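Chains as they are written, first to last, in numbering that gives the first Met the number 0: chain H, 0 to 232; chain E, 0 to 284.
These are computed hints drawn from the structure, not numbers from a lab.
Here the structure is a predicted model, which means the values were calculated and not measured.
Every residue, glycine too, gets a C-beta built ideally from N, C-alpha and C.
Treat the hints with care, as some may be off.
As the list claims (entries may be wrong) - Simulated pairs of lysine-lysine, DSS-like, Cα-Cα distance not exceeding 30 Å:
no., chain 1, residue 1, chain 2, residue 2
1, E, K22, H, K36
2, E, K22, H, K16
3, E, K252, E, K134
4, E, K64, E, K78
5, E, K38, H, K64
Claimed, not checked - Take a look, some chain H residues computed to stay more than 12 Å from chain E by CB distance:
no., residue
6, C94
7, I175
8, T180
9, P183
10, F186
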Amino acid sequence: MHLSPDQIIFWQYGLFKLNATIVYTWGLMLLLIVGSKLITRKLSTDLQRSRWQNLLEIVVTAIEKQIEEVGLRNPRQYLGFLGTLFLFVATASLCTIIPGYEPPTGSLSTTVALALCVLVAVPFFGILDQGLGGYLKSYVEPTVIMLPFNIISEMSRTLALAVRLFGNMMSGAMIIGILLTITPFIFPIVMTVLGLLTGMVQAYIFSILAAVYIAAATRTRKPKAEPEPAPKI
Amino acid sequence: MLIDWFTVGAQALNFLILVWLMKRFLYQPILHAIDEREKRIAAELSDADAKKAEALKERDEFQHKNELFDQQRAELLSKAMEETKVERQRLLDEARQAADALSAKRQETLRNDAHYLNQAISRRTQQEVFAIARKALMDLATTGLEERLSEVFTRRLREMDAQAKEGLAEALKIATEPSLVRSAFDLPAEQRAVIQNALNETFSAEVHIRFETAPDLISGIEFTTANGQKVAWSIADYLLSLEKGVDELLKEKDKSIAKANSNPEAKVKPEPDAQPEPKPEEKSQ
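The shape of chain E in the complex, shown without the other chains (with noise of 0.2 Å):
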């Protein structure tokens, strides 16, 4: 007989003991173990996957930065520039102004150094030719002059206007001390007899007077009143008048200088000179 009962009941029991003993021993433990394994590797996967997720999300952000750094950068960058430009224009602008100004202080300065030396040159000019104009006359005058300038101011004694006349009479009414003539020479006392005659023909009445000498007067007769009033006729007073002459041209000039400075565009030439003949001057002060 092949099958022994007695076997096949041992072998299935012994086939059921070994399917407890390999599910506790085997099947168990490498099944937990996969299990374990798989959850874990689920577990990775899904934390990379949280990871990629987080850093594509700041990949992301960091990208939205950079590109809004950029813009700003930009805008900083262009709004730097314009001002710079700007800043440019006006330090030029300055700069420009600041040798504009120098310049034209430069040729104000030119100018006015001209002018001044001008001025000096016409001064000196203008001293020079009256000192040679006294001198010259100086030499000139001798008594034969004085003569005829004590003639010459006798007529004009008697050619004077009435109110001239009456001022200087009332003049003499009040004085309490006697006129003075003063003359460049000692006047002869001829001379000083016309004059007298003269005086007192002209006032109608008795002029008290007393001669002086004065050499500052170059040539001429002097008649002063006690209380300042005065007819007299000089060289010096002719110089004296030209001297303001031309004091006047000069200060005529310096004043167009000044309006063309003030008003470049507008030049003002320089007037010919036109000097004005220095007119003998009759003074009553």
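Okay, chain H solo, but in the shape it has when bound (with noise of 0.2 Å):
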């Protein structure tokens, strides 16, 4: 029983290893470049398309009409970043009902590893709309008494956002390997289904939380422009 795939080391030279979080991680990645690659081959100008290719229509106005009611006000300056986010993490979970695999989001690593991605992220969001003096003029705000309050929650976040895609992720895939122990009959296929339906939920909410810390980044100066939208939370 491992509690995370990191525990699973298929080869290590030194300080390099290849264990099954980098695996899978890459099978994701295949999956998901081959797949758009195999779409996006034959892609139609017309009114008439193939079935796939609405799929990811959908999928991809979907995206970015979130990030615009999330109130950023270019989507798809930021598609590329949080779409991937969303597409790698929802990819991740949904590939929980193939027999044999882990999720790469049950591994704390991976989800440090994109919470700090967000991280890095906000600032270089935050300084090419506003430059670096406007970017950190929002730390002062309202005062600078509010300066290591606001390091703080940047901080916070970023450990929050990792560690409850995990939890999540890891809860959804213990829970399943106990039940398999104790019920192995029907009960685990309906924890897997919860397991689907949590890890589309968890998907969505670290992309959206994702854009929020983004757009909270971007839009410091200009509040009048455009009447700020309730995230969905």
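Take the two lone chains, each set in its own frame, and fit them into one complex as the hints suggest.
Dropping the structure here:
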């Protein structure tokens, strides 16, 4: 019984090792990229198009719309980062129906890596949008006294992101593992379905929270331009 | 330890690579396709709008033309109707005039026919009357009558007015040939002498005369000088003057009919036949 797929190590050379997390991540990446490549190979700009193209268009436009609803003015700029975040987490959860598969998001290393990416992405997009001075100024608002609290908030939310996703994904896998030993018939299937649902919800929450953080970092100087819609969480 | 920092780094790197690949292979092509389609739909919509506008414009134009055409057609129709009416009236008038003319002509012809028939009847009657009269008088004419005639002739000679007498005397004076006395019957010597005497007495000169029988005189005596002057009394003269009178009457009748024709309202009633009595006429030519 493994608490994390990190513990399954296929190959190791000194510091370098090839554990299940990385291998499954590569598998997911391969799946996503090859799938996208196959579907987008014959894209139609006509009114008539294939079902797979329709599916992808629905997914992409839905993500774009969600980003826009969070309050980001130019959703296409953030689509690559936030969309990939959602798709990766969602695919990782969906693939739990495959026997012998361990979701890479069930590893705290992966969720920490994703949370760190968000932690870097927030100031990155913030500085891109309002410049370095503008972004740094947002830490001393409303007063300078708030600076340490803002920094703590930044750190803690990143940690929360990582732990939330890890806890949910790991618990799902763990519950199924435990249930398989107690009642190996029907009940694990129900729990797997529930796990799929929580996986999708976690993917949504993770990407939406990232979007909200980025939106908070980019909108501080333009509050009058657009009324801030309430984030849906 | 749940966190393996090498795995964290690898996963972060993996994620960043995945972001780049997904951007490259998923988002860009899909968004590009959507944009293209939207552009295309917008173009088609604007094209459709343009076509609609054009169609509307053409429809309006067509309607306008249709209205104009209807109006023109109505105008032309009314004009044609008017012209037809006028033409019909004209043709009717012409036909009426032609019919009137024809009927007038026919009436004229009928009237002429009647007139000619009347004339023919009149002439025939006249001829018959004269023929009967001539025949009757010829039948009646005898030597006794001739005697009476010569008496009347001599009396007339004597009763002749002075002017005529002088004219005849002058004619007789310059005459080289003997004068001619014509009678319907051969005059006996006795009467010839009476006439000779009467002439001699009247003109107070010896008048050379020769006698001739002319049955066309019917009954009567005619004295003609060599240069053509004449003193005559005969029933043929009476009849001639009667004929003349009848002819004049007929001519007058014709004139009045012609007048009536030229002015049909003024109807001229043919005058009741008042045939003038033919008077014995004395001619001196």
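Hints the structure fails to honour: none
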